[in-house]
Amino acid sequence: AAFTPFRSKKLADMLFKTSVLDGRYLKEIIHRMAEKAMRHNIFLEPRVSIYARSHGEWEELAQWFDSAKPQHRHVLFAVQCPRVYHVWRKANAIQTFADLLTNFFGPMVEATKSPEKHPALARLLAQISCIDTVDNEATEDEFFCSALPPPTKYTASANPPYSYYTIYFWYNLRGLNALREAKGLNTFQLRPHAGEAGPVHHLASTFLFAQGISHGINLEHQPVLQYLYYMAQVPI
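Mapped onto our numbering, the consecutive letters of the sequence shown carry residue numbers 470 to 705.
Where hints are given, some of them may not hold.
[Claimed, not checked] Listed next, the in silico DSSO-like pairs over lysine-lysine satisfying Cα-Cα at most 27 Å (straight line):
no. : residue 1 : residue 2
1   : Lys538    : Lys505
2   : Lys479    : Lys496
3   : Lys559    : Lys478
4   : Lys479    : Lys559
5   : Lys538    : Lys559
6   : Lys559    : Lys496
7   : Lys652    : Lys538
8   : Lys559    : Lys622
9   : Lys486    : Lys559
10  : Lys486    : Lys496
11  : Lys582    : Lys538
12  : Lys538    : Lys486
13  : Lys622    : Lys538
14  : Lys538    : Lys496
15  : Lys582    : Lys505
16  : Lys538    : Lys586
17  : Lys586    : Lys652
18  : Lys586    : Lys486
19  : Lys486    : Lys505
Note that these hints are calculated values from the structure, not bench results. The structure displayed is predicted, hence computed values, not measured ones.
Modelling step: build the complete structure from the supplied sequences, incorporating the hints.
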């Protein structure tokens, strides 16, 4: 109900989409919650989505940030990519998993290399704290993915497993962070949703590759993994 008020997609779009009414209500929600957070001396980390179905999504989001100005000193922004490759593949929006990766990371690399060509996006990236992946974790999938082809040859209609997403998001983010660090720019944590529900091996994937996770509730039932997270001080 929090994501679809009164089970109305139109109402949800009006409240949460930057493309509806210029994202007016999203801006108001962020500011209202930020003011409340400031009174209690806490910080918020709202997530905005880049679906990676097309190359222009980052610029659209950056333009909204420039016009709406939702910034607040008690707000750190995160960007999440829904793990819905199969949806965009079925719609022929993308042809390979590499297309999804390129649509997500390509604009970030371009704005890092040439901020003068992408000023709005360069300003937006300076405000982002982490990269997240998110979807319905209750869906069963396999842990081992070494038999799967690389992203440029992954053309299957099925969604790749959680571990596949995690490896390639880590790999691309590692390269992007190295580039940004060399230019004296802020870097991003990989902090995906993990362990809220579903297979416990998601928590194994994120232990190997993530700087932190969102939720991690299922660690309660996996004492060995819980101990590893504690010893490595991986935040949840």
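Quiz item: If you draw a straight line from the CA of Lys652 to the CA of Lys538, is it 27 Å or shorter?
Solution: holds, 25 Å
Exercise. Take the C-alpha atoms of Lys486 and Lys505, compute the straight-line distance between them, and say whether it is at most 27 Å.
Key: holds, 22 Å
Quiz item: Under the criterion that the straight-line Cα-Cα distance not exceed 27 Å, is the pair Lys559, Lys622 satisfied?
Solution: holds, 16 Å
Quiz prompt | Hinted pair Lys582 and Lys505, Cα distance within 27 Å | solution = Status violated; Cα separation ~37 Å.
Self-check item: Distance restraint between Lys486 and Lys559, which requires alpha-carbon spacing of 27 Å or less
Solution: holds, 23 Å
Quiz item: CA of Lys559 to CA of Lys478, is that 27 Å or under?
Solution: Holds. Lys559 to Lys478 sits at ~22 Å (cutoff 27 Å).
Exercise. Given the hint that Lys559 pairs with Lys496, test it: the Cα-Cα distance must not exceed 27 Å.
Key: Given that 27 Å is the threshold and the Cα spacing comes to 33 Å, the pair is violated.
Exercise. Given the hint that Lys586 pairs with Lys652, test it: the Cα-Cα distance must not exceed 27 Å.
Key: holds, 16 Å
Quiz item: Does Lys479 pair with Lys496 here, judged by a C-alpha cut-off of 27 Å?
Solution: holds, 17 Å
Quiz item: Is the straight-line distance between the alpha-carbon of Lys538 and that of Lys486 27 Å or less?
Solution: holds, 15 Å
Quiz item: Going straight from one Cα to the other, do Lys538 and Lys505 come out at no more than 27 Å?
Solution: With Cα atoms ~18 Å apart, Lys538 and Lys505 stay inside 27 Å; holds.
Exercise. Sort out whether Lys586 lies within 27 Å of Lys538, counting only the CA atoms.
Key: This hinted pair holds, its Cα atoms lying about 20 Å apart.
Violated hints, listed in ascending order, are 5, 6, 13, 15; each of the other numbered hints is respected by the structure.
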